[in-house]
Amino acid sequence: MKHVLVIGSGIAGLSCAINCAQKGMQVTMVSPFPSERAQSVLAAGGINAVTASCEVGDSVDSHIDDTLKGGCDIAGKEAVRGLCESAPDIIDWLKKNGTVFTTDADGNVSKRAFGGQSYRRSCFCGASTGKQIVTALVMEARGFEGTGRIKRRLWADFYSALIKDGECFGAVLYNEATRKPEAITADCVVIATGGQNALFGKTTGSTQCDGYVAGKLLTQGVELKNLEFIQYHPTTIETAQKRMLISEAVRGEGGRLYIEENGRRVYFMEDKYGERGNLMPRDIVSRCIEETGKQVYLDITFLGKEKILQKLPEVYELCKKYRGIDITKESIPVTPSVHFFMGGIAVKNNHETNIKNLYAIGECASIYHGANRLGGNSLLAAIYGGKVAANSIEQAESNDTPNDWSKELKEAEEKLRSLKGSKSPYPVKYIRDMLAETMQEDLGIVRDADKLQKGIDDVSFYLSVADKIRFDSSEMAYFGYSLKDILTLAKATLLCALSRKESRGAHYRSDCPAASDAYKAATIIRYDNGEFTTYLDTEDKYEN
Amino acid sequence: MRIKILRQMSPVTEPYWQEFEGDFAKDQSVAGMLDELNYKDDLFDVNGDPAPRIQWECSCLQGMCGACAMVINGRPALACEVFLRDIKGDTVVIEPLKKFATISDLVVDRGIIHQNLKKANVYIGEYEGADPKEYDHMYAAGKCLKCGLCLEVCPNYSDGSSFYGAAFANDCFLIASRSKSRKKAITKSYQKNFEQGCSKALSCVDVCPMKIPTLASIAKMNRR
Ligand SMILES: Cc1cc2nc3c(=O)[nH]c(=O)nc-3n(C[C@H](O)[C@H](O)[C@H](O)COP(=O)(O)OP(=O)(O)OC[C@H]3O[C@@H](n4cnc5c(N)ncnc54)[C@H](O)[C@@H]3O)c2cc1C
Ligand code: SF4
Ligand code: FES
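These protein sequence lines are chains H and C, in that order. Using the numbering used here, the first residue of the first sequence is number 1, and each one after it goes up by one. Using the numbering used here, the first residue of the second sequence is number 1, and each one after it goes up by one.
If you're looking for bench data, these hints aren't it; they were derived computationally from the structure. No residue lacks a Cβ here, since even glycine has one placed at the ideal position from N, Cα and C. Be careful, since some hints might not be right.
Unchecked claim - The following residues of chain H were derived to be distant from chain C, with all beta-carbon distances above 12 Å:
1. 85
2. 98
3. 240
4. 321
5. 322
6. 350
7. 446
Unchecked claim - Here are some of the chain C residues that sit facing chain H, going by a computed Cβ distance under 10 Å:
8. 4
9. 8
10. 57
11. 63
12. 81
13. 123
14. 127
Claimed, not checked - Simulated restraints on C-beta separations:
15. 21/C x 284/H: 45 to 53 Å
16. 25/C x 391/H: 45 to 53 Å
17. 426/H x 126/C: 51 to 59 Å
18. 41/C x 320/H: 51 to 59 Å
19. 88/C x 60/H: 54 to 62 Å
20. 510/H x 11/C: 47 to 55 Å
21. 101/C x 404/H: 31 to 39 Å
22. 88/C x 531/H: 44 to 52 Å
Based on the sequences and whatever the hints tell you, model everything.
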């Protein structure tokens, strides 16, 4: 029986594990904490699909067109076609697994509008779509856990992949209970570890998404893709602990963005783009907010208390609880924040990386969203990716080559021992905070070559000292061993941004503000012995 | 502000109290405060002794994932949702949840919640379709964080070996209301592992951060 090792238990990991188990494979699903703690539970808005009860005029082709257009023509057409065509079946599958979708009077799944889409096609579950999907998939996986088909490994973190001659044979995990590394072999390994929030410190997402796995794999010969494309959500509120998303629904209900000038309100989005200016795509709104150089406010008070409580109860609660702001009486001070990563591990249409038997799915993989993601397409991609990977793994040859992994384990043990032995009071967090500051500053919404170069110099410096500093061993060992590869990923991201000398989607360069056909392809980056190389995938080698 | 924390280095070492002093904004949450405290240059307690960094669990930092459940001034709660402005007096006492084994400091092993659901095979199997009238209740139950706060406060829950607690009852309702193949078995398991042990103290309802109507789940399951 084929053994599949899935790293990560968010929506993507769950989808892959369930699909593999349904096909009779044996799955080990690894994550430090249970699925309920994954970032997937934060997804609120919806999941896109053109179902039988769609709006008049909508079609799968239109979903495909919107997705490709949103991605500024650098996402693979075939991959996107597969994604959009599967969407209606995925909604059915989710329903049967127990996802509590909001339905209309006829019992059809309700849909809401999301930016960048020609029709209303985001299916949703109240204001907690991601959470309801996680609940359903956890139940479905539980059925297979009962029979032993799926085994969960909690309190375990990815350490490295077991790779030999371009082929993957399993992974080294760090067992937090025994505080030791261990090797797990498998026929295929599927990475489903989410985005890379830690590069930027405070974001709208989870602290568990740190990008370590992508960074580590890069150093192990795995190619990464489109790292420069990072979606900033235009409306978030700053709280003492994180940036919290203020749903697009506020602007959907008529919310107006403004700045104050000489005691007067200036509705800068409406001045620039007319009546529907507040609903422009996320990257444009974020850029316009940045250009004001001022505190921007979002006003919805005119809707009246009753309507606000009825239509935007979560936003009302959130602002009141975390900032003491009553949105029925006051405007919301908003700032753009890092929200989603279009870039990640480069995968082919079957979700395999450039390393045989190593797959990547969900937000850590880069395939469907091109230069910008449409809201509601990432949950879809997380579930679809899991299904596609499972199909491909079913077809793959079994991998029974015996290998000796004692050298890899010994290396890991030594590294962990040196981290544990340190008496230094210096926390890893300090370098992580410096990194976040650098990335926020130099890889912001508006970039230029000088800033990017400065960022690269700074991160290179952190990298050069990361191995020399002795860190506080009372922090989690994972924090210590993940630092260097998080820095490596950050440097790779800045290098990708520097290499794309044009503006496209979420990547805006003030020194090259126009799009250029010469760059109408994905950026690929690889790493070899300390050297990074970027190139454009003009031959679409990943798109088939 | 004085912060008193029940600490424990590992599952097999003895717990001990340690106190810290610090100034924090009133709008800071207990989670944010722990983070700030942890990343002062060197961590020293009130006696000037160096202290290891405080271990605690977090993910969403906005009350949506259940990671940061702990006992704050005697009350089980999510640390990212308790604000210093609401703390009475100027001392915060923080302890790990006590009904679960401590891994280190405020990190506990809540795996038993999942093990019990797995043992009872709480999954849908053959889907029967749902009664639209049940939508609101199912949606509410679907929001359970598996945070364990309801188990912490329950006078009948001890270690999950026989009585499984409110989180279990809610998941049973989610299955029994929609599964063709598992309804009977789940109802039986519910009777054995919940109904027999529940004395309807209902402290689980008050403590639940997601305001899940556990009482309604119990009422519907008891009627089956
Ligand atoms: C506030 C917010 C709202 C959103 N709303 C929407 C929406 O409405 N619609 C939409 O389509 N998308 C939305 N998104 C995006 C969407 O939620 C994510 O893209 C998607 O959930 C990613 O799922 P995933 O399974 O890939 O990753 P995650 O859910 O992040 O799961 C990652 C898993 O990997 C594990 N992991 C991480 N590192 C390691 C390691 N080193 N070792 C082992 N395990 C590890 C984690 O513990 C976790 O289990 C939103 C995102 C945010 C932040
Ligand atoms: S029922 Fe409420 S308190 Fe209990 S685990 Fe679920 S969310 Fe937590
Ligand atoms: S960190 Fe998620 S609930 Fe507190």
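Structure-based check of each hint:
With 12 Å as the threshold on Cβ separation, the claim that residue 85/H sits away from chain C holds: the shortest Cβ distance comes to roughly 23 Å. Taking the minimum C-beta to C-beta distance to chain C, about 5 Å, the non-interface status of residue 98/H is violated against the 12 Å cut. Some Cβ of chain C comes within 12 Å of the Cβ of residue 240/H; the nearest lies about 4 Å off, and the non-interface call is violated. Distance to chain C contradicts residue 321/H as a non-interface residue, since its nearest Cβ pair spans about 7 Å, not more than 12 Å.
Non-interface call for residue 322/H relative to chain C: violated, since the shortest CB-CB distance, roughly 7 Å, does not exceed 12 Å. A cut-off of 12 Å between C-beta atoms confirms that residue 350/H is not in contact with chain C; the least separation is 29 Å. The beta carbon of residue 446/H is kept farther than 12 Å from every beta carbon of chain C, the shortest such distance being approximately 27 Å. Contact between residue 4/C and chain H, as hinted, is not supported at the beta carbon level, the nearest pair being about 19 Å apart and thus beyond 10 Å.
A hinted interface residue such as residue 8/C counts as satisfied when its beta carbon comes closer than 10 Å to some beta carbon of chain H; here the least separation is about 13 Å, so the hint is violated. Proximity of residue 57/C to chain H holds as hinted, the smallest CB-CB distance being about 7 Å (cut-off 10 Å). A distance limit of 10 Å between C-beta atoms decides the matter here; for residue 63/C the minimum to chain H is near 8 Å, and the interface restraint holds. Interface hint at residue 81/C: satisfied, since its Cβ lies 7 Å from the closest Cβ of chain H, which is below the 10 Å cut-off.
For residue 123/C, the interface hint holds, the least distance from its beta-carbon to any beta-carbon of chain H being 4 Å, beneath 10 Å. Evaluation of the residue 127/C hint against chain H yields a held restraint, the C-beta minimum of about 4 Å falling below 10 Å. Taking 45 to 53 Å as the suggested C-beta distance range, the pair residue 21/C and residue 284/H conforms, at roughly 48 Å. Between residue 25/C and residue 391/H the CB atoms are about 52 Å apart, so this pair conforms to the stated range of 45 to 53 Å.
A C-beta distance of roughly 57 Å is found between residue 426/H and residue 126/C, which places it inside the suggested range of 51 to 59 Å. Checked against the hint of 51 to 59 Å, the C-beta distance between residue 41/C and residue 320/H comes to roughly 35 Å, which is inconsistent with it. The given range of 54 to 62 Å is respected by residue 88/C and residue 60/H, whose C-beta atoms sit roughly 58 Å from each other. Between residue 510/H and residue 11/C the CB atoms are about 54 Å apart, so this pair conforms to the stated range of 47 to 55 Å.
Distance hint check for residue 101/C and residue 404/H: the Cβ-Cβ separation is about 36 Å, which falls inside the suggested range of 31 to 39 Å. The hinted window of 44 to 52 Å between residue 88/C and residue 531/H is violated, with their beta carbons roughly 59 Å apart.
Checked against the numbered hints given earlier, the structure breaks hints 2, 3, 4, 5, 8, 9, 18, 22 and satisfies all the rest.
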